[in-house]
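These protein sequence lines map, in sequence, to chains A and B. For the first sequence, this note's numbering assigns the number 45 to the initial residue and increments by one for each residue that follows. For the second sequence, this note's numbering assigns the number 45 to the initial residue and increments by one for each residue that follows.
FYI, nobody ran anything at the bench for these hints, they're computed from the structure. Nothing here was measured: the structure is a model prediction, and the numbers come from that model. Among the clues, some could well be false.
Identical chains share a label here; the pair holds if one copy fits it or two copies do between them.
[To be verified] Capping the alpha-carbon separation at 20 Å, the derived lysine to aspartate or glutamate pairs in EDC-like fashion look like this:
no., residue 1, residue 2
1, K413, D147
2, K172, D412
3, K172, E303
4, K259, D220
5, K413, E379
6, K172, E71
7, K373, E400
8, K172, D102
9, K154, E357
10, K98, D139
11, K373, E329
12, K413, E52
13, K98, E400
14, K257, D476
15, K124, E62
16, K373, E421
17, K319, D412
There are 2 protein chains.
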Amino acid sequence: MPEAPVVEIRNLSEHVDETVSVLGWVEHVRTHGKVGFVVVRDGTGIVQGVFVRKALSDDVWQAHEETPQESTVRMTGRVKADPRSPGGHELQVEDYRVLSRADDYPIQPKEHGVDFLLDHRHLWLRSKLQRAGLRVRAEVEQAIHDFFYERGFVRIDTPILTGSIGEHAGTLFETDYFGRPAFLAQTGQLYVEAACPAFRKVYCFGPTFRAEKSKTRRHLTEFWMVEPEVAFADSDENMRLQEAFVCYLVERALERCSEELEMLERDTAPLERVKAPFPRLDYGEAVERLRARGHDIEWGDDLGAPDEVALTEDFDRPVFVYNYPKQAKAFYMKENPDDPRTVLCDDLLAPEGYGEIIGGSQREDDLDKLLARIREEGLPEEAYGWYLDLRRYGTFPHSGFGLGLERTVAWITGRHHIRELIPFPRLMNRLDP
Amino acid sequence: MPEAPVVEIRNLSEHVDETVSVLGWVEHVRTHGKVGFVVVRDGTGIVQGVFVRKALSDDVWQAHEETPQESTVRMTGRVKADPRSPGGHELQVEDYRVLSRADDYPIQPKEHGVDFLLDHRHLWLRSKLQRAGLRVRAEVEQAIHDFFYERGFVRIDTPILTGSIGEHAGTLFETDYFGRPAFLAQTGQLYVEAACPAFRKVYCFGPTFRAEKSKTRRHLTEFWMVEPEVAFADSDENMRLQEAFVCYLVERALERCSEELEMLERDTAPLERVKAPFPRLDYGEAVERLRARGHDIEWGDDLGAPDEVALTEDFDRPVFVYNYPKQAKAFYMKENPDDPRTVLCDDLLAPEGYGEIIGGSQREDDLDKLLARIREEGLPEEAYGWYLDLRRYGTFPHSGFGLGLERTVAWITGRHHIRELIPFPRLMNRLDP
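Isolated chain A, as found in the complex:
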């Protein structure tokens, strides 16, 4: 008898009433008298195999009873549509081979501590909620590329190894680069600005690094950020692009990840309300609102996480806070011509307590003002020589922003801690696996 063809579980609906094999890992075995059930995961879906004692050889029957969780198996049988089954189909098993018997699997349905799970991240990835979260991440990533590609942006990969350029000195990872110090990039922004005169609309997407001693649910030392930059766009156009982008990502997840969002028990009603335009609060107005709520904040202070959460509570979608005081923001942001105490910038705050997912600004395009800011902040002027060149050779108005991937995916999936939305999280106390 020829071997049955191997099919991926997600394609079983094309093989109803045929005999096929699936290759995968055993999630669960149950035996009730003369009937047994083995749930197999093959990475494209899960399917239950039904073992009927009297229809099977002793070997096959015994093998199913003794299969440890996460063993690799080849399970062969006739495909039956069954809406009650996980995945919508089941296999009436005809043959079953254990390809590799697993040792006692460390992750059990019981409650494990998070340190234990993170220590076993290489196995924890196989768990249902982790699979669902990371599939949403992958879908959002493809959506990021599609959004910019469809709009004629050119992708520009910015370097990780850099001279001392960064926004947050003191939180840089350093390495020896053939005898001179190099630092891991915290942003690709300055580099994408340089690419604007070549391509007008550009973006980068990659890992960025912060050697911060933060242990919150919103911090990773290595996280992914997408940073578009648009020549001749002002701050208003920048916010409109952010709106369109965030709506696109949310819509795409709703459209193509409904199964995953359901597994994650995500209430999708708040996501369905994410439509442009988003409300915009001037920084001054935001401070007044916060003071009226009893927050201890003065004009000039940056907003803290509890402030961000409070500001979103009055709205049913993400909220912009724009034009912050100069001293609260980075040196490269453009001075607001209508109020030089402030800069043309915005933060986008996600609803439901998720806080800032985007920081954006129009960039300072005046050479003298930019130089003055670099000096005021005591930054190493010589390191910015090439960046200043962009203001010497045809300076131009331009704006851009950075969206944090893990924060965005945590919000879309409704997960509490962003460390679950990256395959191998790096935290202050965690570098393995």
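Starting from the known structure of chain A, fit chain B onto it as the hints suggest.
What follows is chain B alone, placed relative to chain A:
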């Protein structure tokens, strides 16, 4: 009079006989008596503005004559289709404003040394050949994502900051990670292997690092690599995936970057011949062929760059060399059951002298054999604990490969040095800009 609408140059064909403005940078100014020409680049294309003395105010006429290269301008005029013009259209100029006068631009049409150009990479990006090469890169990157997305692969971002795991000890960049050493990843492979039991078919795409003191046209210290990994795929299926992938990338570049390939004077005939199946040479056969050509190589040696080039000369498309001797390859490659001196692996060599663009293999899935190899190579066993777990909890046949982005794009564009195919190259002696 209301201001004319700003349009992107690539969309001029939709505005023939209308008056529009373009915003961009001046590439070139010529004046012949009573007619002048200004070529403007806006990042989406270039267009020539025609200035007719008698139709323009003194201010406008004078402004055009005095515009330094790379100044930012707003040029307004009526769009005329003109097949002889660069870009296929020209503007009959009605108004012209210099938004920012550039300083003397350092890059001139004359021959500059490569060090000078690399020192000015932030400006060199604006040059025609650099723009063309990087556009092809961006197109190939989108094609990479589309290829895997269309085939149901799940993208898995692997970490840059890692414990001491890597293929080439001694060529690692090291950093202090809150008191313990961390290393910049040389590959994401071990991590994507861990994700196979969750998603079956996965891939990563990101920057990788080699602290190698190599100064060749094929080396960067920071380069981008795409690494797919497929559960239950053997070495043969792995080579078929590589073939399909490379054909897809080449076809996509031919289809959507014809203008760029023409700018780069790329002869596309060799690219059009890149069709599956690719010839396959067993390592032993490759050595015999090389010896017959007079190369000084013995069975057991790895192939050098000149060997790779020689092997491709007899064929009109990329060539696989497969099943190398164990000692020439990494510890994680699966022993060849038909010849245990060798491993189930392949390198894909690009034609026209470009050499290796892919290294792939079936992975050793036997715990004991893998452990023995780790010990033989004197690798730190404790660092591979989690990787060995993958062989303890449902081990499975699987294969994957890594394709180097810059080498591939250098081949597709026909450029000599891969440093031009990454926006900000990092070389042994170069960390800026």
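Taking the hints in turn, this is what the structure says about them:
no., hint, result
1, K413 - D147, "between (65 Å within a copy, 17 Å between copies)"
2, K172 - D412, "neither (55 Å within a copy, 30 Å between copies)"
3, K172 - E303, "within (12 Å within a copy, 47 Å between copies)"
4, K259 - D220, "between (27 Å within a copy, 18 Å between copies)"
5, K413 - E379, "within (8 Å within a copy, 64 Å between copies)"
6, K172 - E71, "within (10 Å within a copy, 56 Å between copies)"
7, K373 - E400, "within (14 Å within a copy, 47 Å between copies)"
8, K172 - D102, "neither (32 Å within a copy, 72 Å between copies)"
9, K154 - E357, "neither (35 Å within a copy, 61 Å between copies)"
10, K98 - D139, "within (13 Å within a copy, 90 Å between copies)"
11, K373 - E329, "within (17 Å within a copy, 63 Å between copies)"
12, K413 - E52, "neither (60 Å within a copy, 29 Å between copies)"
13, K98 - E400, "neither (60 Å within a copy, 56 Å between copies)"
14, K257 - D476, "within (17 Å within a copy, 28 Å between copies)"
15, K124 - E62, "within (9 Å within a copy, 64 Å between copies)"
16, K373 - E421, "within (11 Å within a copy, 51 Å between copies)"
17, K319 - D412, "neither (40 Å within a copy, 56 Å between copies)"
Comparing the model with each numbered hint stated earlier shows that hints 2, 8, 9, 12, 13, 17 do not hold.
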